[in-house]
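Start from the sequences and build out the full structure, keeping to the hints where you can.
Residue numbers (numbering that gives the first Met the number 0): 0 to 165.
What the hints contain is simulated information worked out from the structure, not anything from laboratory work.
Ideal placement from N, C-alpha and C gives every residue a C-beta, glycine not left out.
Zero decoy hints are in this set.
Here are the in silico distance ranges between beta carbons for each label pair:
{"#": "1", "residue 1": "Met25", "residue 2": "His126", "range": "36 to 46 Å"}
{"#": "2", "residue 1": "Glu89", "residue 2": "Asp132", "range": "14 to 24 Å"}
{"#": "3", "residue 1": "Ala164", "residue 2": "Ser95", "range": "13 to 23 Å"}
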Amino acid sequence: MARQHHYRRRTSNPAELDMTTFLNLMVVLVPFLLITAVFSRITIVELTLPSSAGGATAEEPSFRIEVIVRDAGLEISNARDVIAAIPKVEGEYDLSTLSEMVMALKRDHPDSNDASVLLEPDIEYDHLIQVMDVVRSAAIPGSDREGDEGVTRVALFTDISIGDAP
0 MARQHHYRRR TSNPAELDMT TFLNLMVVLV PFLLITAVFS RITIVELTLP SSAGGATAEE
60 PSFRIEVIVR DAGLEISNAR DVIAAIPKVE GEYDLSTLSE MVMALKRDHP DSNDASVLLE
120 PDIEYDHLIQ VMDVVRSAAI PGSDREGDEG VTRVALFTDI SIGDAP
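Dropping the structure here:
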């Protein structure tokens, strides 16, 4: 007779997952993220982007400033004529001259709030932000009622659109 081999079956228990390290991580990580979320503030700049329809609007603004950022410098126009061309000074955009010209345009057109910042393709993002800051507001040195000297921020052209330069 042939011998029958009886193999002993090993009874294996299902493996248990050790969740304690994961739970310890979550206990520490979740409150940390909740606490730091309160302290992080995000500033959103509202922009007027062109619509995809591209149709003519019913009401055209009476005056709209356009600041064109080029490699050679800045141009200020009113959508029809170039008002001023500001060349770069020592390789940098002349933002102080731009600020003076934008303040003069705001004095001439106090009711207008619309502006466009148009960029050539290879202009850095930092230059866009700097030009938008100059067009949006200006810092005017002066003194307040108590005689303390300080800087006052004045809103200029607050409704800014961005786009590609022609």
